[in-house]
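*Asks:* The chain contents come next:
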Amino acid sequence: MELSSGAILAIIGAAISMGLAAIASGIGVGLAGVAGAGVISEDPKKFGPVLVLQALPQTQGIYGFLGAVLILIGVGVLGGVVKEIPIGMGYAALGGGIVIGLSSFTAVAQGAIAASGMGAVAKRPETFGQAVVLAVMAETFAIFGLLIAILIFVGTKIMGG
Amino acid sequence: MIRDVLSYLYVNATVMAKEGKFISAGRWDDLWGCTSPGEIASLLEGTDYFPYLSEAAVHEARALEKAILEEFSALGQEISKIIPKGAWPIREYLLKKWDVINLRTALRGMHGGLQKEHLMDSFLEGGELNVTFFKSFLDAEGMDDFVALLTGTPYQVLGEGLARYHETHNLFFLESLLDKVFWEDLWTKVLKARGIKEFREFVEVCVETHNLKIILRAKSDGLLREDIDPFLIPECAIIDKLLSTFDEEDLPGLLPLLEETPYFEPLVGAQHEYERTGSVVAFEEVLDSQALNKAQDIRRKKPFGPGPLIGFLVSKETEVKNLLAIVRSTEVDLSRDEVRESVMRKKWKLP
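Chains A and B, in that order, are what the protein sequence lines are. Following this note's numbering, the numbering of the first sequence begins with 1 at its first residue and continues without gaps. Following this note's numbering, the numbering of the second sequence begins with 1001 at its first residue and continues without gaps.
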C-alpha cells in the first residue's frame, strides 16, 4: 500500500502523541506508585486515597491516546482506507501530535505532587482533598495542550473533514 | 533531578506515614499528667510503642523505658534498610547511634554501680556492635576494665578520659569522648560522601553544638584550653576564635566571639538563665534546639530529597526523649507542671 507523504506525517504525529504521553504518564505513575507503596507498607488502610492520587498522572496517557485516535480516524487508518492527505495537513497532524505528546510531560510533575500528597494524606488523612486539588493543577496544561491539538485538527479538517 | 526524587520517594512516603502515628498534641497533654507507668502504657495504646509493651511495662518504669527504646531501635533498623544507597552516612548514623546508646548505658551502669542483671537487660539490638559484645562488659570490675574491653573498637579513645574521670569522678569526660567519636566519625564520612549535602549541613550543626557545649562547660568549670583539646572535634571553623582566647576570657566574654554565627542570639538569650542558675544547662538546651531547628529547616527546603527523612529521624528522637522524660518523672514524683517543663526543656538530645 502506497501512503502519501501527508498521511505518513500524520501517522508519525499519532505515534508521537501516544508514545510521549505513555512515557510521561509512566514516569508520573511510577513516581506516585513508589510513594504509594511506602505509604501502604506502613498503613494498608490508605490504599483508597493512594489509588486515587496514583491514577491522576494516567490521564495524560489518555489524552495521548485520544489525540492519536483522532489523527488515525482523520487519516482513515482506522476506517481501513487511508486517505490521500495533503502534505500541509500532514504537518498539522504532526504538530497536533507533538503538542499533546509534549504537554503530557506535566504527568511527571503531577506524579511528584501526587507522591508528596500521599505522604501528606498518610500523615494527615483530612488533607486528601487538598492533595488531589494540588495534583490536578498540573493537569491544566495537559488539557490546554489537548485543546490546542483539537483546534488544529478541526481547523485543518483532519477532524470532520 | 528525577533520580534524586525517585530514590527518596519510598522512604519519604514511609516516614511521612509513620509521622501520622506520632503522639498527638492532645495525648501529650494527658501524658504530662501521668503519675505511673500503667497510666502511660494505657495512653500509648494505638501507637507504634504499644506492641512492644510487656506485662512488666505496666508496673515498672524501667520495663516501660526499655519497651519505648525497643520500638525506637526496631524503627531505626527498618528505616536503615530502605534508605537509598547514596545516603549511606544516614544509615551509619542510625546504626552507630545504638552503639553509643548501649555504651552510654554501660558507662552509667558502671559509674552508678547498677546491678549486672539490670545492666544486661538494658542493652538493645540495633547497632553495629552486637549485644553479645556488650554482655562481655559484665565481667568488668571497674571503669578501667570496662574501657580496656573497648580496645580494637573506635571507642578505645575513651581511655584518654580515664585519668580525668578518676580525678573528678564525673562521667562528663567519658561521655563527651563517646559523643566525640560518634560525631567525628560521621563528620569525616559526610565530608567525603557526595550527594548528601543536606545531611552534611545537619551533622555540621551537631558537630558545632558538640564543640560549643564542651567549650562552655569547660569554661564554666574553670578548665584550661589544653584540658579540653581531646574532647573537641577538629575541622570545625566556628570554634577557632573561641579557642584562641579561651584561657583569657570568662564565659560571658566568649559569647561575643560568636556574633557572626547563628548561635549568638540564642546563647545571649539564655545568658540570663545561666546567670540566675549558674548552670550551663541553659546554654546546652538552646544549642540542642539548634540541631532540631536545622533538621526542620532542611525538611522544609528539601521536600523531595532527604529533608523529610532527616526531619522525621530528629522528630522521632525528640518524641522518644520526651516520652522517656515522662516515664522517668513517674519515679521521682514530679508535678504535672514540672514534668511539662522538663519535657519542653529537654527537646533534643543526641544520641
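Just so you know, the hints here were simulated from the structure itself, not pulled from any lab data. Do not rely on the hints blindly, as some may be mistaken.
With a straight-line cut-off of 25 Å between C-alpha atoms, the simulated DSS-like cross-links for lysine-lysine are [said to hold, decoys possible]:
{"no.": "1", "chain 1": "B", "residue 1": "Lys1192", "chain 2": "A", "residue 2": "Lys45"}
{"no.": "2", "chain 1": "A", "residue 1": "Lys123", "chain 2": "B", "residue 2": "Lys1302"}
{"no.": "3", "chain 1": "B", "residue 1": "Lys1321", "chain 2": "A", "residue 2": "Lys123"}
{"no.": "4", "chain 1": "B", "residue 1": "Lys1021", "chain 2": "A", "residue 2": "Lys123"}
{"no.": "5", "chain 1": "B", "residue 1": "Lys1316", "chain 2": "A", "residue 2": "Lys123"}
{"no.": "6", "chain 1": "B", "residue 1": "Lys1301", "chain 2": "A", "residue 2": "Lys45"}
{"no.": "7", "chain 1": "B", "residue 1": "Lys1085", "chain 2": "B", "residue 2": "Lys1316"}
{"no.": "8", "chain 1": "A", "residue 1": "Lys45", "chain 2": "B", "residue 2": "Lys1096"}
{"no.": "9", "chain 1": "B", "residue 1": "Lys1081", "chain 2": "B", "residue 2": "Lys1241"}
{"no.": "10", "chain 1": "B", "residue 1": "Lys1021", "chain 2": "B", "residue 2": "Lys1213"}
{"no.": "11", "chain 1": "B", "residue 1": "Lys1021", "chain 2": "B", "residue 2": "Lys1189"}
{"no.": "12", "chain 1": "B", "residue 1": "Lys1081", "chain 2": "A", "residue 2": "Lys123"}
{"no.": "13", "chain 1": "A", "residue 1": "Lys123", "chain 2": "B", "residue 2": "Lys1301"}
*Asks:* Look at each hint and say if it fits the structure.
*Replies:* Quick rundown of the hints versus the structure:
Distance check on the hinted pair: Lys1192(B) and Lys45(A) sit about 42 Å apart at the alpha-carbon level, beyond 25 Å; violated. With a C-alpha separation of about 18 Å, the suggested pairing of Lys123(A) with Lys1302(B) holds against the 25 Å cut-off. Proximity of Lys1321(B) to Lys123(A) is assessed by CA-CA distance (about 21 Å); at most 25 Å being required, the pair is judged to hold. As the CA atoms of Lys1021(B) and Lys123(A) are separated by approximately 7 Å, the hinted pair is consistent with the 25 Å bound.
Taken as a hint, the Lys1316(B) and Lys123(A) pair is honoured in the structure, with Cα atoms around 14 Å apart against an allowance of 25 Å. Annotation: proposed proximity of Lys1301(B) to Lys45(A) is violated, straight-line Cα distance about 30 Å (limit 25 Å). Restraint check for Lys1085(B) and Lys1316(B): the C-alpha separation of about 22 Å stays at or below 25 Å, so the hint holds. Between Lys45(A) and Lys1096(B) the alpha-carbon distance is near 34 Å, which puts this suggested pair outside the 25 Å criterion.
Taken as a hint, the Lys1081(B) and Lys1241(B) pair is broken in the structure, with Cα atoms around 41 Å apart against an allowance of 25 Å. At most 25 Å may separate the alpha-carbon atoms for a hinted pair to count; Lys1021(B) and Lys1213(B) exceed this at roughly 33 Å. Distance check on the hinted pair: Lys1021(B) and Lys1189(B) sit about 32 Å apart at the alpha-carbon level, beyond 25 Å; violated. Between Lys1081(B) and Lys123(A) the alpha-carbon distance is near 21 Å, which keeps this suggested pair within the 25 Å criterion.
Between the alpha carbons of Lys123(A) and Lys1301(B) the distance comes to roughly 19 Å, so the proposed pair stays at or under 25 Å and holds.
Consistency with the previously given hints fails for numbers 1, 6, 8, 9, 10, 11, ordered from lowest to highest.
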